[in-house]
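From just these sequences and the hints, can you work out the full model?
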Amino acid sequence: MPQRAAKAQSKQSAEEAVASYGKWSPFDSPRYVQYNAPVDAWGARLLNDSVKPHIDSFNLFANEILGLMPDDLSPAEMTWHDGTTVRCWLSDLALHQPIRGEDVIDPRLLPTHCRQAHITYSGELSGTVNVSLGTGEPPVQMAGVPLGLVPIMVRSEACHLHGMTPSQMVRCGEDPDERGGYFIVNGNEKVIRLLIMPKSNFPIALYRPSFSNRGSKEGEGNCGDQREGIASTGPLYSAYAVQMRSMRPDLTTQTVTMHYRKDGTCWVRFTYLKNEYLIPLMLLLKCFAPDELNSERSLFELLCDGLMADTFVAERVTCMLEQMRTHPELKHVHSREDALYYLGSKFEVVFREKRGAGVSLDGIALEVDDASMNPVEKSVSVARRLLDSLMLVHCPKGAEGGKAKVDCLVLMFRKLMALVRGDIAPDNADAMDVQELLLPGQLYGALLKEVLQSSLLRLEGALSKKSRQALVGKGRAPTVLSAELIRNTFMGVCDVTKRMESFLATGNVTSRSGLDLQQTTGFTVVADKLNAYRYLSHFRAVHRGSFFQEMKTTSVRKLLPETWGFLCPVHTPDGTPCGLLNHLAAPCQPVVRVASPEGIIPGLEAELAALGVQLVRSSKTSTSNFGAGENAYVTLDGRVIGKVARSRLEAVAEELRRLKIDKACPGVPADLEIVACQIPASFEGLWLFTGPCRMVRPVRDLASGNEELIGPMEQVFMKIAVTREDLEASNNTSDIPENIPLKYTHMELSPISMLSVIAGLTPFSNHNQSPRNMYQCQMLKQTMAIPYLNHPYRTDNKVYKITYPQFPMVRTTVLSDANFDVKPAGTNAIVAVIAHSGFDMEDALIISKGSYDRGFKHGSVYKTKVINCPPKGTVGSRLTQFRADNHSVKGEKVVKDLDYDGIPYIGQQVHEGDPICRVLNKGTGEAKMEKYKEGEVAWVEQVNMIGGGGWWGGGAGARNPGGIKDGAERMSIKLRLPRNPVVGDKFSSRHGQKGVMAILWPQADMPFSGRSGISPDIMFNPHGMPSRMTIGMLIEFMAGKAAALTGTPVVNANSFRQYRGKGLLDTEHNNEKDPYAPGDTTAHEYFGETLKKFGYEYLGAEELYSGMHGVPLKTHIYMGVVYYQRLRHMVLDKFQVRATGPIDPLTRQPVKGRKKHGGVRFGEMERDSLISHGTSALLADRLLKCSDACEDWVCPDCGSILSYAHSPETVKRYSGREAAAQAPICRACSTERGVEVRCAAVTLPYVFRYMSAEFASMNIRLRLRVQEDY
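Read in UniProt numbering, the sequence shown has 879 at position 879, and its numbers run on one by one without any break.
Some hints could be false.
[What the hints assert, rightly or not] Once the Cα atoms are required to be at most 30 Å apart in a straight line, the calculated DSS-like pairs of lysine-lysine come out as:
hint, residue 1, residue 2
1, Lys865, Lys922
2, Lys1152, Lys931
3, Lys896, Lys928
4, Lys890, Lys931
5, Lys922, Lys890
6, Lys865, Lys798
7, Lys801, Lys529
8, Lys1062, Lys1093
9, Lys931, Lys865
10, Lys346, Lys331
11, Lys378, Lys331
12, Lys863, Lys798
13, Lys743, Lys719
14, Lys378, Lys403
15, Lys931, Lys1134
16, Lys933, Lys1155
17, Lys896, Lys1062
18, Lys1152, Lys863
19, Lys1134, Lys994
20, Lys1134, Lys863
21, Lys1134, Lys1155
22, Lys872, Lys1152
23, Lys262, Lys378
24, Lys331, Lys403
25, Lys1114, Lys1134
26, Lys1185, Lys1152
[What the hints assert, rightly or not] Restraint-style ranges between C-beta atoms, simulated for each label pair:
hint, residue 1, residue 2, range
27, Gln881, Glu1191, 49 to 55 Å
28, Val349, Met491, 30 to 36 Å
29, Thr520, Pro1022, 47 to 53 Å
30, Lys890, Arg1217, 49 to 55 Å
31, Gly1141, Val1242, 23 to 29 Å
32, Lys1185, Ile1014, 30 to 36 Å
33, Asp1168, Val1247, 17 to 23 Å
34, Gly984, Thr1175, 21 to 27 Å
35, Val866, Glu1085, 33 to 39 Å
It should be emphasised that the hints constitute simulated quantities derived from the structure, not laboratory data. Every residue, glycine too, gets a C-beta built ideally from N, C-alpha and C.
Have a look at this one:
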């Protein structure tokens, strides 16, 4: 076969293998990737889905959000000194792929280049700069202006790796299993973490006592309430409020809160530039309502919702109308124009910037500098654009959105009144049904939008400065105003590169507006590749927010029922972040799309009308009576779209659900969230959600058999069965109403769908104590494994790598579907549960020396050291003077351990103090030696020479300044440190049973099986089982043993699995391929039958012979195969021994820190322990002699240690050390008595003398009482 045809056939077969790799389902039989299979067949959809939210959100930012930004950016406006009005704005923003330069053969800048060179993987952001000079001519458009470099997410559509097959990525120096979803900043991989935020476009009813601390009569704010009859003392605001986090089409948000005051009125609060503002609800309604609804009667009917008999609401509406009549400033507001003028006049000062003559509002293009506009028109313009951009921004702008915002405010008011009256309960802000996610692309776009806006504002200041300089003719001031001048000035003040890289490098957001976020730090984490499991967890982690870590309450950490299927109940760390750092369940995915600016989907609108929903657009009346009587609100993404009879709520919801499942109507999205709320203490209505950032997960509809995507809010009102037993039980009948089973409409795809990918890897986890499963999720992420397959192209700071890994025989289907076999993280070990000697106490393990010699748990640690040849601060042409060189003047080697190029040989062994690089200054001839500073022996694995200029295209055509200056040279040296197990290294099973190696037991003395002659690799103390209750580990003993005997490659170890048949050999009847089929036996019977057929004991125990005496042990020993992991916690990284070393010059105590060779801390609890044992000599040795003991002198009369000095006679008689050895005198006592008072020698901590001097500076004297016989 020709070579080309063979390649085509191989490619076709690889593509077929990738296409045949179906969607993840635990019901499928396990799939295993053969190591001789084509690399293109390695793709695992489960892992790709794990990073999909990150990549899709960045693609959404690059393709959609970036195009929407210019519409909301305020232009830069100023007046030149000659009266010319300058206006500059942006359009046509575009993001380009990273390139190395235009003067290289391959201009692509690949992620592997940035990792090895320790630079940022970024592409150019360009746009069209539009300049209007106020001359009446069309504006000048300058396209393709570079605005800076923006970091690019790996494997996004802006990345060169997008769409590549695994074999193509291998040729680009990447891991064939590379999935992307992260940024490369200075060579480090950074992930924007997912954060939990309040649900957007949904009114959340809140009861917070802190709300009642707001405001009083004397200090109300802009529109203070001067109404008579209000108490003059005490707060005016109550604890009741309704909050809505509105989302713009570009996914930025603005939160609006409606507060209820104790005087019966409602005020609306919003935030601008981190300042809070409050506006009366009635004033806002007058600003939004059209003329036909702007009368007092219309507003009264609108807020009362047609129920005039509802005196509770009517009284509150009357109070607000009375406030409008009697307030000294509001009483003149009668029409919509009056309300807009009043509101604009109050906020015009707020939005006026100090520089420039115009009004500049962030995100609002305010054209108020037109000379033709009078003050009233300017105020009205400010108010309109304020309301469009900061108030209920999920509704359309302009007059079209005014009616929608009126309906939204009425909805919030009605829900607030129901909350105040007690008809509904407050929403739980910590529940998943009122929460959503903050996506990486969403945050990235919001920050870039603010950076561009601040750059436009700085442009105003820069142009104003140039105008003043041109006016006085100072320096190099421009004489002619031109579009090119404005473009160049804007490029100089635009700091996109610095701000975006700083955000990803530090995780901190520096924002003038706050971006409607609850925190300013902790947005990014380092995606360290300790192993594939830890790396994956970074993309599935969901954090509640750093703000909540400081809260003393535990309510935000509780596991609530609403999180079922969306957040894993097991995968959360212990300690401070417990309950705050969670992980998405395996099937859960967030919705990624742009919010609909129109607020209605045409196809969905038609279907709702056909189902009997009276729509707002088709109604000729106002929105009154929509929620009155027998009618309930119908909302779509926070907008009131119509009404429906309360009796029809369930029917409409069911029909919409049928259309969504059957996909019969293209206008009904597959991820539509349908919530028909009709339960007590809840606000009734039909809530529909199609917006982004929501979490959805699949369940199976029993009626059609199809999968349906549901959200957390609708899940509460659905009837979902978990197991097949639940469905069978639902068919039972009972005469007792309380015992009538629930009739289910949906079913989970799998009982383990509530678990995360990491938690789903624990075998038989349903048999374990819950904390042990939590510990395993954390220890799995600390396991030594194969972190990646492109080792020569990685320069990570520190990498742990196991030498001889194996994939487990006892495994879950999640492990197979995730394709973790290519990056295993442990070894199948023969484990015996035996109290063999005193070495195995307290969870310690005894490991066979024979197994150790055969490579059991051997590993290595790789460290990378980056050496910069030019010293810090070197600039200009001097950068090229510093080069790695080992030549003498005669051409010989200067340092024999280094090569002629000044770097070590590959494979060279280095010890502490050995040179690893010699840098020569060719200008002066001076050389600097870099030495290896670790105390551990290492081998040189790899050396990468990194240069500016040609390596990555740093010439004139370069677009990536990166972190390497042109002409500079630096190198990265990768060192390998062998780390075979030593006493004290940590190991664990997959059930949270961790322990350290106590001793390497000789192979000849190990116990061995009387039947097979096999001796265990590990001996485990049985006392570790009863208290931990890890029954799953005992089952794994039997399952692994049965798999080894039968030759079964793997045993299905899914949680909650059923058992059927007579063991593994009964392939006709067992349920290994369908673990959730109805079972007829138990786990120990299932595997016990298999062991029994091979002549072993039914429950897994064996008769062992003593290796030392050769006689059978008196009791049978439980022995089997368990998958053991070696953790990264090693003695060589943590041991700390010190005899002498550096001390603090101020206190003379040993410094702290292992790297500084500091002392071992002897704390308060250690001190108490020695005191309780009466070991006073040891206590004095630790806290005095080995710390800061010093010989000092104390006056026996006054007890001072600060007043001694040598007498003049001693100084005259002795000199040097002889004088210091003489007893000094107390100056104070000797002067007072007229005779010399000799001091006594004492041994004291030096820090006590330091404390005495500190007290003396505060006029506090410390006195020591010295006995005469001292």
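Now for the hints, and whether the structure bears them out:
1. Lys865 / Lys922: Holds. Lys865 to Lys922 sits at ~24 Å (cutoff 30 Å).
2. Lys1152 / Lys931: 23 Å, holds
3. Lys896 / Lys928: Roughly 15 Å between the alpha carbons, so the hint for Lys896 and Lys928 holds.
4. Lys890 / Lys931: 24 Å, holds
5. Lys922 / Lys890: 15 Å, holds
6. Lys865 / Lys798: 10 Å, holds
7. Lys801 / Lys529: 10 Å, holds
8. Lys1062 / Lys1093: Cα-Cα ~10 Å, so holds.
9. Lys931 / Lys865: 11 Å, holds
10. Lys346 / Lys331: Holds, at roughly 15 Å.
11. Lys378 / Lys331: 22 Å, holds
12. Lys863 / Lys798: 5 Å, holds
13. Lys743 / Lys719: 7 Å, holds
14. Lys378 / Lys403: Distance ~23 Å between Lys378 and Lys403 Cα, so the pair holds.
15. Lys931 / Lys1134: Distance of about 22 Å is within 30 Å: holds.
16. Lys933 / Lys1155: Given pair Lys933, Lys1155 holds - Cα atoms ~10 Å apart, limit 30 Å.
17. Lys896 / Lys1062: 70 Å, violated
18. Lys1152 / Lys863: 24 Å, holds
19. Lys1134 / Lys994: The given pair, whose Cα atoms are some 17 Å apart, holds under the 30 Å limit.
20. Lys1134 / Lys863: 16 Å, holds
21. Lys1134 / Lys1155: This hinted pair holds, its Cα atoms lying about 10 Å apart.
22. Lys872 / Lys1152: 28 Å, holds
23. Lys262 / Lys378: Violated, at about 35 Å.
24. Lys331 / Lys403: Since the Cα atoms of Lys331 and Lys403 sit roughly 24 Å apart, the hinted pair holds (cutoff 30 Å).
25. Lys1114 / Lys1134: 40 Å, violated
26. Lys1185 / Lys1152: With Cα atoms ~17 Å apart, Lys1185 and Lys1152 stay inside 30 Å; holds.
27. Gln881 / Glu1191: 49 to 55 Å: 53 Å, holds
28. Val349 / Met491: 30 to 36 Å: Given about 33 Å between the Cβ atoms, the range holds.
29. Thr520 / Pro1022: 47 to 53 Å: At roughly 52 Å between Cβ atoms, Pro1022 and Thr520 fall inside 47 to 53 Å, so the hint holds.
30. Lys890 / Arg1217: 49 to 55 Å: Holds: the Cβ-Cβ distance is about 51 Å, inside 49 to 55 Å.
31. Gly1141 / Val1242: 23 to 29 Å: Hint holds: Cβ distance 26 Å, inside 23 to 29 Å.
32. Lys1185 / Ile1014: 30 to 36 Å: 53 Å, violated
33. Asp1168 / Val1247: 17 to 23 Å: For Asp1168 and Val1247 the Cβ distance comes to about 20 Å; the hint holds.
34. Gly984 / Thr1175: 21 to 27 Å: Hint holds: Cβ distance 25 Å, inside 21 to 27 Å.
35. Val866 / Glu1085: 33 to 39 Å: 59 Å, violated
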